[in-house]
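Trainee: If you read the protein sequences in the order shown, they are chains E and S.
For what it's worth, my numbering labels the leading residue of the first sequence as 1, then goes sequentially.
For what it's worth, my numbering labels the leading residue of the second sequence as 437, then goes sequentially.
Calculated from the structure, these hints are not laboratory results.
Virtual Cβ for every residue (Gly too), placed ideally from N, Cα, C.
Be careful, since some hints might not be right.
Said to hold, decoys possible - Derived pair list, reagent style DSS-like, types lysine-lysine, alpha-carbon separation capped at 27 Å:
1. K379/E / K251/E
2. K544/S / K461/S
3. K450/S / K379/E
4. K601/S / K461/S
5. K396/E / K510/S
6. K138/E / K36/E
7. K561/S / K501/S
8. K396/E / K461/S
9. K396/E / K544/S
10. K305/E / K251/E
11. K396/E / K681/S
12. K396/E / K536/S
13. K510/S / K379/E
14. K128/E / K346/E
15. K138/E / K159/E
16. K222/E / K135/E
17. K305/E / K159/E
18. K135/E / K370/E
As the list claims (entries may be wrong) - Output of the computed footprint for chain S on chain E, the stretches with three or more beta carbons under 8 Å from beta carbons of chain S:
19. 63-75
20. 84-94
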Amino acid sequence: MNSIEYFKERFEQWQPDAGHNGFGAIRQEAFNAFSKLGIPTSKNEEWKYTRVAGLFNKDYQFTPDPQPASVTAADVNRLRLPGYEEANELVFVNGFFSFALSVIRSSDLTVLALEEAAKNDFRELVAKQFGDSNKYIKDGIHALNTAFVHGGVFVHIKKDQVLEHPVYVYNITDARSANILAQPRSLIHINENAQVQLVETYITLGANQSFTNQVMEVTVEKDARLEYYKIQNDGDHTNQVSTTHIRQTGKSNVHTVTVSLNGGLVRNNLNLILDAKFCEAHLYGLYFQTGNSHIDNHTIVDNIKPNCLSNELYKGIMSDQSTGVFNGKIFVRPQAQKTNAYQSNKNVLLSDTTSVNAKPQLEIFADDVKCTHGCTVGKLNEEGLFYLQSRGIPEKTARTLLLRAYSADILEHIKPAPIRSYVERLIFERLESDIS
Amino acid sequence: MLSIQDLHAGIEGKKILNGINLDIKPGEVHAIMGPNGSGKSTLANVLAGRTDYEVSRGTVEFLGKDLLDLAPEKRAGEGLFLAFQYPVEIPGLNTINFIKTAVNEVRKYRGLEPLDAVSFLKLMKEKMALMNIEQSLLSRSLNEGFSGGEKKRNEVFQMAMLEPKLAILDETDSGLDIDAIRIVSNGVNKLRNKDNAVLVVTHYQRLLDYIVPDFVHVLYNGRIVKSGTKELALELEERGYDFIKNETSAVEAV
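Given the sequences, and given the hints that come with them, work out the whole structure.
Mentor: Below is the structure:
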């Protein structure tokens, strides 16, 4: 398909009818941006090592409106993450939020259709926060999500509310009968002194291709705390561009762990905007890639106000013909004195046919700051391997032990125990099976 | 127990060992001494099976088996143990879990059932007391942030847990003060019996005050150029390695 023409046709058919939901002007503007920017090519510095043109050469079933439910509660039941019995579960199907499939356990958790929130009590919040990520990500794919924004969700954690149940977000794509393009959209507001654990995952049903182009925007207010976990373990016929944009508008604490174990092409944009004094942000990532999969983690930490602390550690295990990209931007604005910003990216390559492009990118405009960054790409610790073998441990077991040890300082930051043991098990099973 | 014949080995095309001959019998303690670069550590590592080294000639028989034919873990299974000169730090790998895996893999190799948690703990407590090592050290990641003395003590503790037939101590005294040497040596001595043997590789004589050898061999240019009893070590200490070098070049000049 000629992507731009295809989406243009879709947009023009649909936009006039959908214009009433309050996002008409925003959509039009985004669509204009999409038309102008197009699909990013490798000439775009932000997409230099991640080629997405191939994703737009396929025919997808792309519907701007939700279709009659093809995914049943029984389907969802098979896909649930461990610990779901104690969790609020938010379910998207093909990019549209499904109230029918979602389970809200915390009685005072506000979950609304995005359009609903934009019309009622949360009108001002939505107007202010929706599209905040556009300031940081200026490419056609990002604009495409906004151009068709519809059927998204708005989640509000009330002031002083400490959510006892974590929130699980399932992005389900039903590709059982066709290739699917899905564009989930969510806006999350964590009010003053509130706390929440958010766990997000992606599942494709069926063997057809899926492409999920997701945008989540989060605001974290004063004295609030957000833990955000992204678990990516979808099939190799699935692709995604997944943007998580978090603005800390008061002294607050954000803790994120991104675990990417599988998928065809996965691009994560994670933005942390430290927009108040004394904000703290921790960004951890573990990617373990096999086959021909491609993982790209682009992170931004923007220090706008003074005295903020950020700590970033991403670790990769790459095997077979997989490819990886790490790009870590740290901005320190002129006002942001006394910034402490740390960044580290480490990669272990298990085969000669895998590669990683890693790029730390620090732009510092204040003079009284502490910023460090480091990046390594290397083989598995051969010394360590011999050490373990010399103690009687067979090579395969020794490799497994070393790689588990290597992953440990990321996995220990996954605080919900059922999720941590789930991820540990996935990694262990992979190490047991296909790492030679 | 161990019989090395005409062993030649090197690394990246560089020859380091040029025909080593050595026999070790159960119950014996042998010391290999020599100046820097003489090939001491190479010998220790070749015996343990480090793959960076290429053996170009010679044979090594260990308890009736062709040692050079075995992967490092199988050598350990057969009862060979190398205490590393530089024990490797592995963040994220719990020391106790590591030792438990090692003990049970070695047991498996020897056709024994794995130890259950209770039996393992009992064995560990026993050896901890013997080696004077604290639980707190073993609860940490393997060697991570350990002092030099702690690392070497951990090596000897692992040796105690694995109960090898032949223990090779590669420069176990390097970087240790005299108190640490005493502690580590006491540990080794407690493990000695008539059925096992120790090969001590060292640059200095001082370790041999504590682990007293039956035989001392001097390695120079990849060959054992002189063998004797513990008095030879004292002579080396007194006269330095130069007299060996002079003697050797005199012999070679003839």
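Trainee: Each of the hints needs a verdict: does it hold here or not?
Mentor: Tested hints:
1. Proximity of K379/E to K251/E is assessed by CA-CA distance (about 40 Å); at most 27 Å being required, the pair is judged violated.
2. This hinted pair checks out: K544/S and K461/S have alpha carbons roughly 26 Å apart, not beyond 27 Å.
3. With a CA separation close to 24 Å, the supplied pair K450/S and K379/E stays within the 27 Å bound.
4. Only pairs whose Cα atoms come within 27 Å are accepted, and K601/S paired with K461/S is accepted, the gap being roughly 10 Å.
5. Annotation: proposed proximity of K396/E to K510/S holds, straight-line Cα distance about 13 Å (limit 27 Å).
6. Among the hinted pairs, K138/E with K36/E is consistent with the structure: their alpha-carbon atoms are about 11 Å apart, no more than 27 Å.
7. Between K561/S and K501/S the CA atoms are separated by roughly 33 Å; this puts the pair beyond 27 Å, and the hint is violated.
8. Restraint check: the Cα-Cα separation between K396/E and K461/S comes to about 33 Å, which exceeds 27 Å; the hinted pair is violated.
9. Restraint check: the Cα-Cα separation between K396/E and K544/S comes to about 15 Å, which is no more than 27 Å; the hinted pair holds.
10. The hinted pair formed by K305/E and K251/E meets the criterion: a straight-line CA distance of about 10 Å does not exceed 27 Å.
11. Distance hint between K396/E and K681/S is unfulfilled; the C-alpha atoms sit about 45 Å from each other, more than 27 Å.
12. Annotation: proposed proximity of K396/E to K536/S holds, straight-line Cα distance about 16 Å (limit 27 Å).
13. With a CA separation close to 24 Å, the supplied pair K510/S and K379/E stays within the 27 Å bound.
14. At most 27 Å may separate the alpha-carbon atoms for a hinted pair to count; K128/E and K346/E exceed this at roughly 37 Å.
15. For the hint linking K138/E to K159/E, the alpha-carbon distance of about 32 Å lies beyond 27 Å, and the restraint is violated.
16. For the hint pairing K222/E with K135/E, the CA-to-CA distance comes to about 22 Å; that is within 27 Å, so the pair holds.
17. Proposed proximity of K305/E and K159/E is supported: the alpha carbons are some 23 Å apart, at most 27 Å.
18. In summary, the hint linking K135/E to K370/E is supported, as the alpha carbons are separated by about 26 Å, within the 27 Å threshold.
19. As drawn, the region 63-75 of chain E meets chain S at 0 residues by the rule of a beta-carbon pair under 8 Å; below three, the given contact is violated.
20. Counting residues of the region 84-94 of chain E whose CB lies closer than 8 Å to any CB of chain S gives 0, so the stated coverage by that chain is violated, three being the minimum.
Of the numbered hints given earlier, the model fails hints 1, 7, 8, 11, 14, 15, 19 and 20; all others are met.
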